[in-house]
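Once you have looked at the hints, place chain B on chain A.
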Amino acid sequence: MVVTGAGVVSPMGMDFTENAAGFRAGRTAFSPVTLFDVSRQRVGTAGQIDLPETGFPSRMDRGSQLAWLAAREALAAAGLSGGTMPMIVGTSAAAMPIGEDYYRAAQSPTQSRRAQLHRVETYQAQRQMVDMASLLEIDGRIRIVSNACASGANAIGQAFHLVRMGRAERVLAGGYDALCQLVFAGFDALQALSPSGIPRPFDAARDGLALGEGAGFMVVESAAAAKSRGARVIAEITGYGAATDVHHLTQPHPNGDAALITMQTACAMAGVSPEQIDYINSHGTGTPLNDVAEGNAIRRWAGDAVSSIKVSSTKSAIGHLLGGAGAVESVICLMAMEGQWLPASLMVREADPVCTFDLIREPREAPVRRTLTNSFGFGGANATLIFEKEGLP
Amino acid sequence: MSGKLAITGTGAVTPAGWGVAAMMEALASGETITPSLLERPCGDGILSTPVLRVPALGATTPKFGRLRRTSPISKFSAAAAMEALGEMRFAESTAGRLRVGVIFTLTNGCVNYSNRFFGEVLADPALASPILFPETVFNAPSSHLSALIGSTAPNDSLIGDASGFFTGIDLAAEWIERGDVNGCLVVAAEETDWLSAEALCLYSKAYLPAEGAGAIYLEAADGPAMLHHLPDPVSYQFHGRLTAARKMRETLAANDDGATLLVDSQSGVRRFDQPEVSAWRDWRGPRWSPKRVLGESMGAAGALQVIAAAEALKSGDYRQVVVSSVGANQQAAGILLGA
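So the protein sequences, as listed, match chains A and B.
Each residue of the first sequence is one higher than the one before, starting from 2 at the first, in the working numbering.
Each residue of the second sequence is one higher than the one before, starting from 899 at the first, in the working numbering.
Same shape as in the complex, but just chain A (with noise of 0.2 Å):
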């Protein structure tokens, strides 16, 4: 199963050479937060996209916008334009700002029923992603997960095993989410964003997450059916794994149980052991307990080995960008490949003790074959996907 074709959209860049060029210079993306009202919060900034007012069909909402432009990169990059294939996409709030609007209105007597229905339909993702993949020419059954945080890694799981199972040759994947102003207060009402605004994943004292918008895609493709068209191969999909953590709604077991499963069963496919693996994008979301528990899971998943394991979180770049997180976390370790090249754990100022693996605190040159990429969302939903450079058809 290798990928043929990757985009990306965040508030580092509008596509793959834009984040490339960002991450590997060390860039971060907040700004202000101009989208809702947020003069009540306590935080008041987030990865914002400055996002193009025109040249997007009227009824797609933003996050969909988000997923067109990516979805659409992806399929240039894999010199494909439509066909008949699976869509796999991932998302938390889908069309949520939509939603919001629906909401307001109806709370007016004087709202137009016809206005309302309007909001209604463009509100589902269903219809979002038969729109979207109307415009990108793409014939096939749709599958939407929401997997809150994991969703987008979840997708390209998805579609990795129905490729694998010789279900479907090809399947475009991936995941979006745009800011919105429900989620938005959901995190700040929770305490869960920095109230600096400056997520500092694996910090000693990080104090919360950064939220951000954006979107990834791939097409997923079997490694015969990209040779027998001459695809391009940006690198093969080795290992995925899945598992629930029980432990809480919104919190992880202290421990990593749930993480330590996925990363082992994700290894155990791909037939690696852990000092194989030259970078982990780590879920690492900025708050306490994330990073405690991922860096436990870490450490007991490399064993001896962890003082050797390579691990930064491009969050504390973009922000959390939720069920796009896991997709455009995995494009990043598309661009690490390629590039030769580590994202970094930005500012941070003192390691946490949980780290006991080598923590990238600015971005530095590696020879890099193989990289593994966590995602963990509420609810528990954990996965880990494992992309590989060598061995390549």
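Simulated from the structure, these hints should not be mistaken for lab results.
Do not take every clue at face value.
Here are the simulated lysine to aspartate or glutamate pairs, EDC-like style, with alpha carbons at most 20 Å apart [what the hints assert, rightly or not]:
| hint | chain 1 | residue 1 | chain 2 | residue 2 |
| --- | --- | --- | --- | --- |
| 1 | B | K1103 | A | E122 |
| 2 | B | K1145 | A | D140 |
| 3 | A | K311 | A | E363 |
| 4 | B | K902 | B | D1078 |
| 5 | A | K228 | A | E170 |
| 6 | B | K1212 | B | D1078 |
These numbers come from a predicted model, not from an experiment.
Just chain B, lined up with the frame of chain A:
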């Protein structure tokens, strides 16, 4: 789907009551359940929407800490899932001897808590409740299910129209075939709130919004309800609902021999039923339309159709059951079940 698979457990919570028996009794009667009025103040007046609610009486919500403060959708899901799983498998799962996957499909999700939380946000976000927000997330109900049965096996939530339940069965079949799980609960649920009820009635005032949950337990086994054919759904991006419904019927290739039951997705709203009516116009065999009795429960509706089909097979009255689900805005799907 290459190996043998059977539905070996069913569970339902519907406006007819808690449990599959109550649902089947209502379907046998063929009478639409009497709606209640969901009312809310709006401007100077009151907005009323007729809805079918799950009765409070006879609730079988499992006693489990995480369910105490959840939205009704999680309680419905838990009751249906426990009925489908059964006591013995529940004990095996919690003891770690049975690896049970959970797939949850939905359209709207936790609208009650979303409504309450966003209302608080608009009033003053600084005072919005941190207890409500986590329950607004689409996968909150499925998370509670895995916790309830003590399973660390994979758990996926899928958003879609009512036909999404068939996508859930497809994914469950994949997990079982690969050996990722010993068996899988596929659950679909919705809860009523003015947000979703009024939204549905914008399409047609003839819709009767409903709530509830349906659950099946799927495993590689023999049983009275075997999966004979689960075709890929026909997505709507290049096919209208009529073409998709016809293609699905053609792919299902059900034998109209008088011994095959058709369970369709007609709700009684002519404009939206038309594609399915047309696709199955010449079907002469027996036909059930559960939504005409149980109301339009949106994301949960596909599950209730499949449960009705499995129960019909268990009764021994039919040799095969074909289920057709022509979704609102995603895809047409279906399944062929047999003994």
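Hint check:
no.: 1; hint: K1103(B) <-> E122(A); verdict: holds (16 Å)
no.: 2; hint: K1145(B) <-> D140(A); verdict: holds (14 Å)
no.: 3; hint: K311(A) <-> E363(A); verdict: holds (12 Å)
no.: 4; hint: K902(B) <-> D1078(B); verdict: holds (16 Å)
no.: 5; hint: K228(A) <-> E170(A); verdict: holds (12 Å)
no.: 6; hint: K1212(B) <-> D1078(B); verdict: violated (28 Å)
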